[in-house]
Structures are given as C-alpha cells and as structure tokens.
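Peer 1: Each chain, written out:
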Amino acid sequence: MTTHHRPIVFVLNGKRTSLRVHPLKRLLDVLREDCGLTGTKEGCGEGECGACTVLIDGRAVNACLVPAAQAAGTKVVTIEGLKGRHPLQRAFAEHGGAQCGICTPGMIMAAAALGPRPALSEVRTGLAGNICRCTGYEGVYRAIKRADSGLGTRGSGLGRQGQNRTPSGWSPGASGPGLPKARRRRT
Amino acid sequence: VTTAQEIGKAIFPLGARGQIEGGTAQGLGYALTEDVILRDGAMVNAQLTNYIVPTTLDTPPIDVVLVEKPYRHGPFGAKGVGEMPFDGVAPAVVNAIRSLGIDMREIPATPERVMAAPRLGARDSGLGTRDSGHSGRGGGRGFSLDRPAKRKRR
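If you read the sequences in order, they're chains D and Y. Each residue of the first sequence is one higher than the one before, counting from 7 in this note's numbering. Each residue of the second sequence is one higher than the one before, counting from 6 in this note's numbering.
In isolation and in its complexed conformation, chain D is listed as follows (with noise of 0.2 Å):
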C-alpha cells in the first residue's frame, strides 16, 4: 500500500534516507516504525508534552505534529542521533535529570537545540514545551548546568543558532548567569 507513494528523501541523523511513506503520516511514526528509532517517545499526540520533540534542521520541533513530508530535504536529528555519547545524555543521566525517562529524549533534544551555554532563563523558556511530571525540572537545569561546565564539549552545532521554536526574547549562546547563586551551593 505504501509503494506507491512517492519517496521522501531526507537526512537522519546523518545517514541519507529514502522512505515510501503516505506524506501525512507523522513524523514521530515514521521515525518509530519505518525506520525503527524508537528513542523518540510519544506522550499526548497532540503537540503539548515534547516528549516527541526531535531536532529539524537544527530547530527543535514536536514530530508528532510533522507529517512526513514536511521532512523532506531536511536533516533530521533523533536522540539515536547523539550516539549516547553527548555531554547532555551523560549530565541527565549523572544529575538526576531523568527519572521515570518518557521526557527524556524530548528534554534532551529540546536543550540540545538551545545552543552552547544557555541561560537559566533560555533553559526555561526553551523547555517550556517539555512536560515532565517527575523531576519538577530542577534535576533538568542542574543537568544542563554541568553538562556545559563540567564537559565543555557542547556546541556540537546541532542547535540552528537564532532558531527555536521558543518565541521572542530568545537570544541564543548569550551567556548568561545561569543557575541563581542560591541553587549553585546544593550539593
């Protein structure tokens, strides 16, 4: 039934793919049946919980909301694209910013796109898409923190500067004071 429909190219994770797929079909299934990457979860279906969230062309975008097409000619980062051996996967996992997990790779590519170093407030503005209903965030920021500081291998260009699904007010690598003197001090 899919073989007739005309193929759509685009780039995952770095690997050129080709897929017969009905162009309406949502990227978040296309990903997780046609291609088997199953890092990328689905929570509501309905664009409200980024646990789906992917990176297109560098931007941070909720696959469950992209139809297939849509992906054509874009390059298309999954959390499988990071390889577990991004500073971001290893500071969750080190700092408490995983628990139960289905926000996870959503978290991990939404702050993946925010560019190196992002403020607290970037952090919370850029995550503001991602549910979690675990962590109450703070183990999410403290995971971002380190993951800048205590690596320094950030920036691995799959952010688009300037570009976020965030709206105004969004200054990328602007270097802020990150996490607030009071929360430095926790152990």
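It should be emphasised that the hints constitute simulated quantities derived from the structure, not laboratory data. Backbone N, C-alpha and C fix where the C-beta goes; we use that ideal spot for every residue, glycine too. Any given hint could be a false lead.
[To be verified] Have a look at the derived ranges for each label pair, beta carbon to beta carbon:
#1 D63(D) with H78(Y): 52 to 60 Å
#2 E39(D) with G85(Y): 53 to 61 Å
#3 G85(Y) with H10(D): 54 to 62 Å
#4 V119(Y) with R12(D): 54 to 62 Å
#5 R26(D) with G82(Y): 53 to 61 Å
#6 A51(Y) with V15(D): 35 to 43 Å
Chain D is fixed; fit chain Y onto it per the hints.
Peer 2: Only chain Y this time, still in chain D's reference frame:
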C-alpha cells in the same frame, strides 16, 4: 519554594532530592491548576491542553532540605519519600492566599476561584483590610466569616 523532608536515611540523595523536587512541583499543580472536571462520570479535560500540568515556566525554584534521621525499622534506615513532598504544598499555597485576605477553601485555587472567593475580614487575614463586614463576592456559602479566630490557633 523551600521544602524540608524527614526521610530517614537518604540512601541515594540525588534520587531523594529529585523525588522531593518533583513532588513539590506536582503539589503546586495540585494546588493551583490541575482541575479534574467530570461530566457524566467522565473526565472532560483529559488533554494536556486543558488539564494544566506545571511547565518549566510555572515551576519556581525549589530548595530542598533533607532531614536525615535514620529510621530503625526501615531498610538501611530509610523511610518513604515518594508521596510526602506532595502533602505540604497545597496547604502552604492556600494559607498564603488566605493571608492576602481571600477566603480560599478549595483547590486547585485557579484564578477564577480566587476571584470568586469571599474576602476575609481584617481580624482573620491579619492585614487590616476590613471589608466592612460583608461576605464579599461569591458569598452565600453558608459559613460565618467571623469564625476563623479559633481555627487559626491550630
């Protein structure tokens, strides 16, 4: 929000802290936004669009104080930590609203409910904003506004 929890021995302090932070954020949702609306026995706001779970922008900084007092009967001195952080938040929020002179008696204290709640007299709120003794907007709930002097002492 500052929260102190006595949890026995914290076997995994990072996880314990995470549980407490998360529970506090959930408690804030419980106190302020998460309203289950039932109609004909079914929840009518069962989407994240209209059942508002706190996001990063809704959640204030949370300071956690771990009070460790090893519990003899628990494993390695531990007590439970998952549920308690939830408990204190809504009372604290409602008390804060009441101290503004608003007679809030139910949660979630949504803006609509806060607007509709009767105003407290000066004696109750401790703010000296006497509201000429009438029961305020949304009155007629069938209780006396002069009563809470007794309740406050508890």
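Peer 1: Next, verify each hint and record whether it holds.
Peer 2: Against the structure, the hints come out as follows:
1. D63(D) with H78(Y): 52 to 60 Å: holds, 57 Å
2. E39(D) with G85(Y): 53 to 61 Å: violated, 40 Å
3. G85(Y) with H10(D): 54 to 62 Å: holds, 58 Å
4. V119(Y) with R12(D): 54 to 62 Å: holds, 55 Å
5. R26(D) with G82(Y): 53 to 61 Å: holds, 60 Å
6. A51(Y) with V15(D): 35 to 43 Å: holds, 38 Å
Violated hints amount to a single one, hint 2; each of the other numbered hints is respected by the structure.
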